[in-house]
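With the hints as your guide, set chain B onto chain A.
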Amino acid sequence: MHPAELVAIDGRTLKRGDAGSPLSITGLTVTYSGKPVVFSVDVTVPAGSMMAIVGPNGAGKSTLIRAALGIVPRLSGDVTAFGEPVGKVRDRIAYVPQRASVDWDFPATVLDVVVMGLYRRIGLLRFAGRRHRATAMACLERVGMAGFAGRQIGQLSGGQQQRVFLARALAQDAQLYVMDEPFAGVDAATERAIIEVLRTLQAEGKTIVAVHHDLATVPVYFDHVLLMNVRAVADGPVATTFTPEHLQATYGGRLAPAQLDDIAAALAGRRTAAAS
Amino acid sequence: METFLAALMLSAGYNTAVVSIGAGFLGAAAGAVGAFVLLRKRSLVSDAVGHATLPGLAAAFIVMALVFGDGRILPGLLAGAAISAALGLFAVDWITHNTRLHEDAAIGAVLSVFFGFGIVLLTVIQSLDTGRQAGIAGYLLGSTAGMLRSEAETIAVAAFAVALAVFILRRPFTLVAFDPEYAAVRGVNVRRTDLLLMAILLAVTVIGLKVAGLVLIVALTIIPPVAARFWTDRAPHMVMIAAVLGAASGFVGTSLSASAANLPTGAVIVLAAFALFVVSLLVSPVRGVVAGGLERMRLSRKVHERQGLLSLARGEPIYDGLTLRVLRRAGHIRADGVATLQGRAAAAAAQREEALWSLYRREHPQSAAVSPALELNPIAEVLPPETVAALDRALPRVTATAGQPS
Chain A
293 MHPAELVAID
303 GRTLKRGDAG
313 SPLSITGLTV
323 TYSGKPVVFS
333 VDVTVPAGSM
343 MAIVGPNGAG
353 KSTLIRAALG
363 IVPRLSGDVT
373 AFGEPVGKVR
383 DRIAYVPQRA
393 SVDWDFPATV
403 LDVVVMGLYR
413 RIGLLRFAGR
423 RHRATAMACL
433 ERVGMAGFAG
443 RQIGQLSGGQ
453 QQRVFLARAL
463 AQDAQLYVMD
473 EPFAGVDAAT
483 ERAIIEVLRT
493 LQAEGKTIVA
503 VHHDLATVPV
513 YFDHVLLMNV
523 RAVADGPVAT
533 TFTPEHLQAT
543 YGGRLAPAQL
553 DDIAAALAGR
563 RTAAAS
Chain B
24 METFLAALML
34 SAGYNTAVVS
44 IGAGFLGAAA
54 GAVGAFVLLR
64 KRSLVSDAVG
74 HATLPGLAAA
84 FIVMALVFGD
94 GRILPGLLAG
104 AAISAALGLF
114 AVDWITHNTR
124 LHEDAAIGAV
134 LSVFFGFGIV
144 LLTVIQSLDT
154 GRQAGIAGYL
164 LGSTAGMLRS
174 EAETIAVAAF
184 AVALAVFILR
194 RPFTLVAFDP
204 EYAAVRGVNV
214 RRTDLLLMAI
224 LLAVTVIGLK
234 VAGLVLIVAL
244 TIIPPVAARF
254 WTDRAPHMVM
264 IAAVLGAASG
274 FVGTSLSASA
284 ANLPTGAVIV
294 LAAFALFVVS
304 LLVSPVRGVV
314 AGGLERMRLS
324 RKVHERQGLL
334 SLARGEPIYD
344 GLTLRVLRRA
354 GHIRADGVAT
364 LQGRAAAAAA
374 QREEALWSLY
384 RREHPQSAAV
394 SPALELNPIA
404 EVLPPETVAA
414 LDRALPRVTA
424 TAGQPS
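Protein sequence lines, in the order shown, are assigned to chains A and B. According to the working numbering, the residues represented by the first sequence are 293 to 568, in order. According to the working numbering, the residues represented by the second sequence are 24 to 429, in order.
To be clear, the hints were calculated from the coordinates, so they are not data collected in a lab. Be aware that a few hints might be false.
If you anchor each label on the Cβ, the simulated ranges turn out as follows [claimed, not checked]: (1) B:Ser135 x A:Asp554: 44 to 50 Å; (2) A:Val512 x B:Leu317: 44 to 50 Å; (3) A:Ser368 x B:Arg215: 44 to 50 Å; (4) A:Asp395 x B:Pro308: 21 to 27 Å.
Covered stretches of chain A (chain B as the covering partner; in silico rule of three or more C-beta atoms under 8 Å from a C-beta of chain B) [what the hints assert, rightly or not]: (5) 385-395; (6) 401-409.
From the three backbone atoms N, C-alpha and C, an ideal C-beta is built for every residue, glycine too.
Excised from the complex, chain A in its bound form (with noise of 0.2 Å):
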């Protein structure tokens, strides 16, 4: 499927789509009105890792997932997922976007959205049956939002807006999960539901890609990190690849050195953590 490797002029191999990744991007660039908000990004999402999207506001992060899955037009580039096109590995593939993307007012109870998550298992005559609902129930549990089935989405808080879109995704029972800020705005202890729920997930072999804001959190919460400002700078685990001299290339000046150092002893308590 994949042609004879492509050796730049300084012998650097050039990565072409890892057959088996969840998500493999090559080469991708998106532009808005003429101007490239992504440039030719190049990145493999190792199976059952969780990554982090890393970069300063109007890096592209956001935009990147977004071509990716299809939702914006790429002005070139390939993405594969798990060896094939997006569009047909579409069930595997479950997609969280921003909460505030949508209108929180439209007529919908928290189960109705999570219902929708199953969209495609239902299909287009049939209604929503009993184990339908029970499957969406369940996903409800597993985020700690049962006991909100049947409250109008309107009336949610912002942290159970975003655990509601968890559930919805969880819905599908897919392999890959993409999400789009899924902390933002939200509580401390939905921020600790989530990255639960996350760590299950990725326990039973799933793979996470989530664009992230919070730098202290991301050795927290990450194996893996894509650190990018509209090209990506640097990619890999977190213990190599989100340095202090990679922060600084992504965020330019933007960074206070108290930042860094923050990162930096973040960093080295994860490698005491992990050699004991």
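Okay, now just chain B, sitting in the frame of chain A:
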């Protein structure tokens, strides 16, 4: 009045009855598709579609008048209307996708240009030498006078087909209206789904031209769904209620207009729909104004009760008349203002509740649950159980016991 009642009871003659029932089916189809158009936030598009039918209608009249000598052949007129409405829709879509203009500007431009062109063609028709021009004017505001039984039956059958199409497509329509990006990732073709919705809207508009008129048909796709939104918080119910309200408007409006000469059907249908809207606005238990007023009153009582109980717990005097009334009625204080046993327990509970909330406020300043409106509710009803349990553990023992009577 008697003719109206007779028409409502379907006894004003077979023809009126058939036309009224046909209009009822039309109203149901318009309400159902209109509900999805409203949820997709594209209600104004139906106005553009309605007005964009005029040039096609007039052009079809002219062509048929020249070729057959009579321009008033219903299928031909509707085909012309459908073609120009589709052109109008395409123009709105093209402008929105290929220029920097937004949909509202595109709608305004398309609507006025198509309607203006149509009016010019109408003037041409008046100068034509064929008689029987009167028929075309009825399409502006709707006219069922002299409508043939076969025409009414065609409208009813077509409206039924449209309602069926809406039913089959309800799930992709809902998904795309709520979260188009998620729908796209799930493999729903958002562009095609939107086109289908617009095609169904166009079909309703065209088959409703004769009954409701091209200027007012938009009301039949907007008012019933908006009224329905007051009655429910679930999309499938909203679609069904919109269909029922639309059917009632169509049926009542047509019957009413048949009872008096020269009443334009479209205008009466719109007024009937508006009446249903006003009723929904006022008395709906879910989102109605009356229910809202009662809710505000309940909230005010709740605030006063909570503040009164906190004052009791702290042993502060209470002066506010409403607070005293609320506390007395709930049995928290006696007539002389002294707390009852039950009042003291409630005060302690309120203080504990307040302490939990203030702890939550301090620990999660970013949380959307931190809002005065939510904090009046028992914390266990608003926050997930594990959050409440964590707060409970963190709450210092001192606060937990302070409010209890010694």
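Verification of the hints:
{"no.": "1", "hint": "B:Ser135 x A:Asp554: 44 to 50 Å", "in the structure": "60 Å, violated"}
{"no.": "2", "hint": "A:Val512 x B:Leu317: 44 to 50 Å", "in the structure": "48 Å, holds"}
{"no.": "3", "hint": "A:Ser368 x B:Arg215: 44 to 50 Å", "in the structure": "25 Å, violated"}
{"no.": "4", "hint": "A:Asp395 x B:Pro308: 21 to 27 Å", "in the structure": "23 Å, holds"}
{"no.": "5", "hint": "385-395", "in the structure": "holds (count 6)"}
{"no.": "6", "hint": "401-409", "in the structure": "holds (count 4)"}
The structure is inconsistent with the numbered hints 1 and 3, although it conforms to all the rest.
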